[in-house]
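There are 2 protein chains.
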Amino acid sequence: MSIFLRNLIVRYHALLILSFILVPSISLNAENGYDLWLRYSYINDSEIRENYSQYFNKINISGESETLVVIKNELLRASKGMFNKKVLWENDHLKAKLIIVNKENYPKQLEKNVPQDWASIGEEGFSIKYVKINDNYKIIIAGNSEIGLLYGTFELLKQMQMQNDLSRLNIIESPKTDIRLLNHWDNLDRTVERGYAGFSIWNWHKLPEYIDPRYEDYARANASIGINGTVLTNVNANALVLEPRYIEKVKALADVFRPYGIKVYLTARFSAPIEIGGLETADPLDENVKNWWATKTAEIYKEIPDFGGFLVKANSEGQPGPQNYGRNHADGANMLADAVAPFGGVIMWRAFVYSEHDPTDRAKQAYSEFVPYDGQFRDNVIIQVKNGAIDFQPREPFHPMFGAMPKTPLMMEFQITQEYLGFSTHMVFLPKLYEEVLKADTYREGEGSTVAKVIDGSLHNKSITGMAGVSNVGTDINWTGHPFAQANWYGYGRLAWNPYLSAEEIAEEWLKLTFSTNPNFLDTMIPMLMESREAVVNYMTPLGLHHLMATGHHYGPGPWVNDLSRPEWNPTYYHKADKEGIGFNRSETGTNAVSQYEETVAKNFNEPATTPEKLLLWFHHLSWDYKMKDGNILWDALALKYQEGVNQVKKMISTWEQMKPYIDEERFKEVKMLLSIQLKEAKWWRDASLSYFQEFSGKPIPNGVPKPGKTLEEYKSMTYPYAPGIRPRW
Amino acid sequence: MSIFLRNLIVRYHALLILSFILVPSISLNAENGYDLWLRYSYINDSEIRENYSQYFNKINISGESETLVVIKNELLRASKGMFNKKVLWENDHLKAKLIIVNKENYPKQLEKNVPQDWASIGEEGFSIKYVKINDNYKIIIAGNSEIGLLYGTFELLKQMQMQNDLSRLNIIESPKTDIRLLNHWDNLDRTVERGYAGFSIWNWHKLPEYIDPRYEDYARANASIGINGTVLTNVNANALVLEPRYIEKVKALADVFRPYGIKVYLTARFSAPIEIGGLETADPLDENVKNWWATKTAEIYKEIPDFGGFLVKANSEGQPGPQNYGRNHADGANMLADAVAPFGGVIMWRAFVYSEHDPTDRAKQAYSEFVPYDGQFRDNVIIQVKNGAIDFQPREPFHPMFGAMPKTPLMMEFQITQEYLGFSTHMVFLPKLYEEVLKADTYREGEGSTVAKVIDGSLHNKSITGMAGVSNVGTDINWTGHPFAQANWYGYGRLAWNPYLSAEEIAEEWLKLTFSTNPNFLDTMIPMLMESREAVVNYMTPLGLHHLMATGHHYGPGPWVNDLSRPEWNPTYYHKADKEGIGFNRSETGTNAVSQYEETVAKNFNEPATTPEKLLLWFHHLSWDYKMKDGNILWDALALKYQEGVNQVKKMISTWEQMKPYIDEERFKEVKMLLSIQLKEAKWWRDASLSYFQEFSGKPIPNGVPKPGKTLEEYKSMTYPYAPGIRPRW
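Protein chains in written order, with the numbering used here: chain S, 364 to 1093; chain X, 364 to 1093.
Do not rely on the hints blindly, as some may be mistaken.
Lysine-lysine pairs mimicking DSSO-like chemistry, simulated, CA-CA at most 27 Å apart [unchecked claim]:
hint, chain 1, residue 1, chain 2, residue 2
1, X, Lys-449, S, Lys-435
2, S, Lys-1073, X, Lys-448
3, S, Lys-875, S, Lys-939
4, X, Lys-665, S, Lys-1043
5, S, Lys-448, X, Lys-1073
6, S, Lys-1043, X, Lys-1079
7, X, Lys-1032, S, Lys-1032
8, X, Lys-448, S, Lys-665
9, S, Lys-1046, X, Lys-614
10, X, Lys-1079, S, Lys-659
11, S, Lys-1073, X, Lys-1043
12, S, Lys-449, X, Lys-448
13, S, Lys-614, X, Lys-1046
14, X, Lys-1023, S, Lys-448
15, S, Lys-475, S, Lys-449
16, X, Lys-1073, S, Lys-1023
17, S, Lys-1032, X, Lys-614
18, X, Lys-458, S, Lys-448
19, X, Lys-1079, S, Lys-1035
20, X, Lys-665, S, Lys-448
21, S, Lys-614, X, Lys-448
22, S, Lys-614, X, Lys-1073
23, S, Lys-1023, X, Lys-435
24, S, Lys-435, S, Lys-466
Computed list of chain X residues with no C-beta within reach of chain S, every gap over 12 Å [said to hold, decoys possible]:
hint, residue
25, Glu-394
26, His-845
27, Lys-1062
28, Thr-1082
Simulated from the structure, these hints should not be mistaken for lab results.
Every residue gets a Cβ at the ideal spot worked out from N, C-alpha and C, and that includes glycine.
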């Protein structure tokens, strides 16, 4: 059936559905979002439903491992949902309609009829083939490992949920990175630093005996998008998690996650040997310290043989590290790497470091501290680098470290939780941000040396590759607070699997799985998602501005803040607005941060004229009268950008209103309420920011932009003592 | 149909159901407990289903108020669940099968055929009658108010869910107390003091714009059991909630709850006039202070015209109060009462006070501080008294204040959250505890002067009556952490409505609504619930022992704790174990706390021989060799009681195993895991407590009780830095 014809049918059915109050498979549970993109909703189109369900009448799957049980359970669940039917298992692979089989068990006869190229499938990959054997059409999911089969099963179920034509299936997929992680900034008291979806889903108190059913659903969701590891604890680490009483709890989680191909990792507090080990030092070159970590690591691996390793934030924002003892990052990372190496573990060492004692541009410090050590890290160390050089701002240029350490594995750290992007009340489709970074060209090996090629290791042939996403998951029933924030978890996972995917195809997949395959809905909502990230940039930090948020909780605007103890914590450090103009001069005439980029890139960033306007004030301090490409002066352009952001949110609201026919009432209402908060806050950002900057520019607010509703003093006096996500006080 | 016949049918159908994998109405959402006792599960018995569903084919309900919308939505939801059918509305009450109508709209013709005694129905009550008019059987729900109709609707739906015979319906119900409250000890940062089910469901950050769907489900659950008020904030109060930025959030919640007959209340921090009002004093007799509260109250009522009033914890555990200014509790309560009186508000003033400067028995202090002021409180003040004189222990004698203040309204404060009863991992059916207290005889007006009669106002004809339950509700998907802790919320609400209900009938109702109407299940589980409270008393604090828990978080045993700054915070203050014996001498030869009870009661409690053994050590310090009624010496009896508690949990586990056929897999597994924690902790309590007490008794642990697995020092060294529910640090 052609896509066009199918779309017509879908449209027709959408109309039909609307005329009924009850659908065949009903649930008292409202659309509460708990099921994420694994909703398996009943397929109303009987033709499609019958076509799909035939495969569930004869499934051949052999073996009894935990992962195979997981696969079978997922098939049962999907069949119940999509077809309201049981699954029938078929022992004879000749009679089977769906065969799920690994290399080891691949039947001789199949090998003859449907040969597989096992090498190209890879260790975690899979193939899905629609084939004809003896006049019988079948689908075969094959993989080298059972985890590959699990991924393949999820892919087939995704194809069905998207109502794709199965007869076209001929897929070979394998992940382009080795380590695909969520980082949870979760504390042992269940607060989540920068968490906006409730509290930590890890119920430490009830572990290890009580296994919250949510743990398994968390594993299902992650496995379905290819995530294969989770760092359970905050990078601002607590040494107690390394004590036996917590290790047994971590083990319980590892046991739940293992069948899903997910390893657990922990954050290692560098001073743990002192805090829980009774040593007097944590010097990485001290023999007692080395022994302590070796023993501690062995203790963990005894309980969790596939423990992933440690993530470390050292000598950053008050965290202890090797520099406390006059050692460098390589000394610290290598000491830990030696401890985990015998067990196959890795050390992920964060490059997010900056010092109040370093008077240079904060944006330059990570590069300066790490690049000189290129090649000096152990093989099982990977440096975890945030996408930009400051801190997860709505827009940053790509981090200059990408491509600059050819001999050292670098992994990407994206933030999924919206610390600087409106918490969980703003609809912002982050895959657009991730895509922008991944497609950025470092030029390190000539044109086309994209960040994606650094991340998948293809640019410099890295021994380990990986991506980390700071989780936006919490105890909220819908996991992420905002129903659309689920898309950021989903999209992150997809890009960790394949950094070359486009944001647009991710948007389409996610919308189909989560809401509707109706083409009217998709045609409207995909562009809305794609624009949503630019909207938040516009109403918060347009034209390359950054780090303008209020202190501590980071909720709302605070461009006026100038009284914090460390200079680089103040927004004024970043925008440098004065009577003359605004922006941070990072060109050769300024801090020369541009020099950390490859020459071609540096040259472009060095001149206002060749700097993309969306990054203009990141690199340049420019007069309020600076002429923009469209002829506006900078002040007017800035004000108009703020207004554009507000307008974009207004448009999102009217678009959403039009989507009412395609969405369940519950989520429609929820998103509508959230959009109204987003609009209120977009205006707040615009008005507070322009009120403040106007003090310097002395220019009138241009036509088309309303006057702020409050005085600057009023904006400055607003406080939010219990805004969520702040770091606990210990 | 006879009950016997119906039970037979139910049994038969239970068998049938087990042989199918899919039931007609399936849901991908597992039995996650979110629906509480409002599950409306599909009725598999077609005879019963058809009998019930006929009433939903012709429902007559007139009017368009918010409460009627709520009623209609509940009927829609119930019909969808129980029958998988739509509801049909019938305008003609002659043709209707179910009529829901208030006095105002009660049709003339109905009045003739089915007269109602509107007076006996009361303001919030309802009647449900099964009647025959013109050869037509109908059910009529009538009430004076629409809230009464809502309660009546929930009652009818309850009858259906319990699969009762509707042809016997002839119910007149009205609540026996005026104020039926949940008290949330929820903080503005969403931590919950003594909360063990996650965090606060009040998402202050997203209010007022974002109305979490959970708020409505919370209101439904409460209305279904007759709760008509909620105190949103912690008694350890934060003045900020009285600021306009929070009042608008409180208003948003009040707007959600209003259609369900639920008023909101707040806790008033006594020092708020200083903290947020800029005054220099909070002296209740100061005119500025009075004015401040009057203005603040008017501000609240402007937004929330039906605001309930304030709950106040004053001069207790560090909270400010009138005594800071040399005033008494009546001065403080009356000042606030005057502020809310013009708007019909009430002040609930807590009697939970004790002072480190008062060297007398802590158990005596509340009585001493309040009873002398009997008759001196304003009409709209009600004193909120905990069930016992210490603090929500597994067992306490009833509070001596009950019955001792004939001229002052007293309301009961029960704790639903299990601060001292195993958090949310122990299965303890609390209605048994509540029943014990309510049935206790104060003898204040002769035999039969039960606490229930104090609470419903019948003993002394009180102007206001009420009951408060400290909520066990949190963000956990199942609301209460432990699936069985839902029973305590349910049972509390039922007893607030009618303090004369028996724990056993509550257990039966709740089990039917929440799990199964299968008689085999009920016959086994009702006794298990009834015994569960005695089990926790036995393994934690048998024979009248109390306040033996660890410090701060109150998790686990800490009878040895003796180093806290205030003497009455130390467990040693309460058990007074020494070489001679154990127990707190509150008889005439001791603190004479017994004298606070009426003479008959006091006389019984004054002598070990006439003191019930379950309260023995509450009132008496007795030799380790004291002979118990069964001939055992006290030390052996104590040890055997601890063991009995452990044995009871073991029995609960084996009983639960037998219930597997009657329960969904999800909840079966969850409860099984929780019971295993309960058993571990029961043993911990037994072993740690006996290890410690043995140091004093010097006697061997008797036969039948195993030796502790650890040394006393090991038990003492156990710490739980992140145990849930601790008070936040500000």
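Consistency of the hints with the structure:
no., hint, verdict
1, X/Lys-449 x S/Lys-435, "violated (35 Å)"
2, S/Lys-1073 x X/Lys-448, "violated (53 Å)"
3, S/Lys-875 x S/Lys-939, "violated (45 Å)"
4, X/Lys-665 x S/Lys-1043, "holds (24 Å)"
5, S/Lys-448 x X/Lys-1073, "violated (53 Å)"
6, S/Lys-1043 x X/Lys-1079, "violated (54 Å)"
7, X/Lys-1032 x S/Lys-1032, "violated (34 Å)"
8, X/Lys-448 x S/Lys-665, "violated (56 Å)"
9, S/Lys-1046 x X/Lys-614, "holds (24 Å)"
10, X/Lys-1079 x S/Lys-659, "holds (25 Å)"
11, S/Lys-1073 x X/Lys-1043, "violated (59 Å)"
12, S/Lys-449 x X/Lys-448, "holds (24 Å)"
13, S/Lys-614 x X/Lys-1046, "holds (24 Å)"
14, X/Lys-1023 x S/Lys-448, "holds (24 Å)"
15, S/Lys-475 x S/Lys-449, "violated (32 Å)"
16, X/Lys-1073 x S/Lys-1023, "violated (63 Å)"
17, S/Lys-1032 x X/Lys-614, "holds (19 Å)"
18, X/Lys-458 x S/Lys-448, "violated (40 Å)"
19, X/Lys-1079 x S/Lys-1035, "violated (54 Å)"
20, X/Lys-665 x S/Lys-448, "violated (56 Å)"
21, S/Lys-614 x X/Lys-448, "violated (47 Å)"
22, S/Lys-614 x X/Lys-1073, "holds (24 Å)"
23, S/Lys-1023 x X/Lys-435, "holds (23 Å)"
24, S/Lys-435 x S/Lys-466, "holds (18 Å)"
25, Glu-394, "violated (10 Å)"
26, His-845, "violated (10 Å)"
27, Lys-1062, "holds (33 Å)"
28, Thr-1082, "violated (9 Å)"
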